[in-house]
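Given the coordinates of chain A, work out where chain B should sit on it, guided by the hints.
Listed below, chain by chain, are the residues.
Number of protein chains: 2
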Amino acid sequence: MHLFNNKSYIPQLAIDCVIFGYQEKELKVLISKLNFKGDIYSLPSGFILQTEGIDEAAHRILKERTGISNIFLEHYKNFGQADRTNKAILENIIDKNKEYFVGDLMLSDADFEWITGRFVSLGYYALVDINKVTPTKTELDESMEWYNIHEIPIMMMDHNGMIEKALESLRLNLDTNIIVLNLLPETFTMKEVQDLYETIFEKEYARNNFQKKILELNVLERLEKKFTGASNKAPYLYRFKK
Amino acid sequence: MHLFNNKSYIPQLAIDCVIFGYQEKELKVLISKLNFKGDIYSLPSGFILQTEGIDEAAHRILKERTGISNIFLEHYKNFGQADRTNKAILENIIDKNKEYFVGDLMLSDADFEWITGRFVSLGYYALVDINKVTPTKTELDESMEWYNIHEIPIMMMDHNGMIEKALESLRLNLDTNIIVLNLLPETFTMKEVQDLYETIFEKEYARNNFQKKILELNVLERLEKKFTGASNKAPYLYRFKK
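Chains as they are written, first to last, in the working numbering: chain A, 1 to 242; chain B, 1 to 242.
Think of the hints as simulated: they come from the structure by calculation, not from any bench. It is possible that part of the hints are untrue.
What the hints assert, rightly or not - Simulated coverage check for chain B against chain A, where a stretch passes if three residues somewhere in it have a Cβ under 8 Å from a Cβ of chain A:
hint	segment
1	68 to 81
2	113 to 126
What the hints assert, rightly or not - Calculated lysine-lysine pairs in the BS3-like style (CA-CA distance at most 30 Å, straight line):
hint	chain 1	residue 1	chain 2	residue 2
3	B	K165	A	K241
4	A	K7	B	K77
5	B	K213	A	K165
6	A	K213	B	K213
7	A	K212	B	K203
8	A	K213	B	K203
9	A	K7	B	K7
10	B	K165	B	K28
11	B	K241	A	K213
12	B	K87	A	K7
13	A	K203	B	K242
14	A	K213	A	K165
15	B	K77	A	K77
16	A	K77	B	K165
17	A	K165	B	K63
18	A	K242	B	K77
19	B	K87	A	K165
20	A	K212	B	K241
21	A	K77	B	K242
22	A	K213	B	K165
23	A	K33	A	K77
24	A	K137	A	K37
25	A	K203	B	K63
26	A	K77	B	K7
27	B	K203	A	K241
28	A	K28	B	K77
29	A	K137	A	K165
30	A	K241	B	K212
31	A	K242	B	K165
32	B	K63	A	K63
33	B	K7	A	K87
Even for Gly, the Cβ is constructed at its ideal location relative to N, Cα and C.
Same shape as in the complex, but just chain A (with noise of 0.2 Å):
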């Protein structure tokens, strides 16, 4: 039995999944330290079945690697510089017995070959609630965990520059991209938007500019304010539009 290398999975294809958190104002990123002996930090990754398309094997690979379902998980980038392997890696840890887990997992000579081939990886990105998800880790990982975006370790191959491409994506989508708001409550008010945007994009917005820009994007309905006694302060509430 062999790990990877069983004519199951498409050869030289990977899927790597960067999943930002948001809590509080604080913008993570969800990490594994693989079950390797040795540090490896690693995004959650996997290959894609024979019998499944690509999205569905990103959808997979997630739910598998973190217990994170039904989001919108969505491609940003491909990578595949002609010398992305982790060869490099996986021979640093070798040790005289060919262990390379920490745990009971062995890895078969074919399995080496096949893992330390070049692979072409396809990146996908979400957004998601911290506190609506419960990360969780397979067999694979020594742990799955929330790192700062600003506290992220040094990563197997090319993961840390794949999470800055993702961290650019998410930018320039964020905008024009709807879904990755749907991340906040149901009803929401003005500020924590803004909270959310100063987060990603590491600036502060000017109140009334920022409610200006956000309306303009013309996704958003406005309800009643509750009034409950001296809340005549209070903020409106929104929501996105049916």
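Quick look at chain B alone, frame taken from chain A:
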């Protein structure tokens, strides 16, 4: 000697190029009629050498299949449903001698296995000035010609859908991606920009609103009018800011 299944290429991974051509208010797409028996229409396509990056492969394929080089070629979408194969197409044109091609090319059994497997395709697109490029065909192509966007033939696999998705990406990026406009001559009038937009979006714009919208992108600089006698009605010329 196998045409495809020779270990030089990454298996099950293809690149398809949607090359839009613009000329005198017409939008066209570059399409190959393949040198197979039967009328099989295809985008300029190819495979990725083990020794080259994916973007590099896209440029090589485009150069080899069409003669077009040094253009802004951008990835826009992957196509990867589980049942994405051209087995049905090739089986349909098979004759008792297993001769698929009209010309001297032979497809070995191993080639047939390889080429009829499941393929994930990386979709690239570009927009070029038809006057500036001269498409050429290879031995794989019976012809390589421009087709008006409204007169695209029925193509192999999902290639018609690839063109639709590429057109969506072109429209989506037109406002933000100034490179797309680089098919214009070095200096141009606002009317030339408007003609381009109207062709691509298939709608008319009010002249003043259009000019306002484009100038707000803040990517153009207005040049001095040439005063040549009665030319005080000559339009302003623009060029991209350096």
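The hints, checked one at a time:
| no. | hint | in the structure |
| --- | --- | --- |
| 1 | 68 to 81 | holds (count 5) |
| 2 | 113 to 126 | holds (count 3) |
| 3 | K165(B) to K241(A) | holds, 26 Å |
| 4 | K7(A) to K77(B) | holds, 26 Å |
| 5 | K213(B) to K165(A) | holds, 29 Å |
| 6 | K213(A) to K213(B) | holds, 16 Å |
| 7 | K212(A) to K203(B) | holds, 28 Å |
| 8 | K213(A) to K203(B) | holds, 26 Å |
| 9 | K7(A) to K7(B) | holds, 17 Å |
| 10 | K165(B) to K28(B) | holds, 15 Å |
| 11 | K241(B) to K213(A) | holds, 26 Å |
| 12 | K87(B) to K7(A) | holds, 19 Å |
| 13 | K203(A) to K242(B) | holds, 27 Å |
| 14 | K213(A) to K165(A) | holds, 25 Å |
| 15 | K77(B) to K77(A) | holds, 9 Å |
| 16 | K77(A) to K165(B) | holds, 16 Å |
| 17 | K165(A) to K63(B) | holds, 28 Å |
| 18 | K242(A) to K77(B) | holds, 28 Å |
| 19 | K87(B) to K165(A) | violated, 36 Å |
| 20 | K212(A) to K241(B) | holds, 28 Å |
| 21 | K77(A) to K242(B) | holds, 28 Å |
| 22 | K213(A) to K165(B) | holds, 29 Å |
| 23 | K33(A) to K77(A) | holds, 23 Å |
| 24 | K137(A) to K37(A) | holds, 17 Å |
| 25 | K203(A) to K63(B) | violated, 43 Å |
| 26 | K77(A) to K7(B) | holds, 26 Å |
| 27 | K203(B) to K241(A) | holds, 27 Å |
| 28 | K28(A) to K77(B) | holds, 27 Å |
| 29 | K137(A) to K165(A) | holds, 25 Å |
| 30 | K241(A) to K212(B) | holds, 28 Å |
| 31 | K242(A) to K165(B) | holds, 25 Å |
| 32 | K63(B) to K63(A) | violated, 41 Å |
| 33 | K7(B) to K87(A) | holds, 19 Å |
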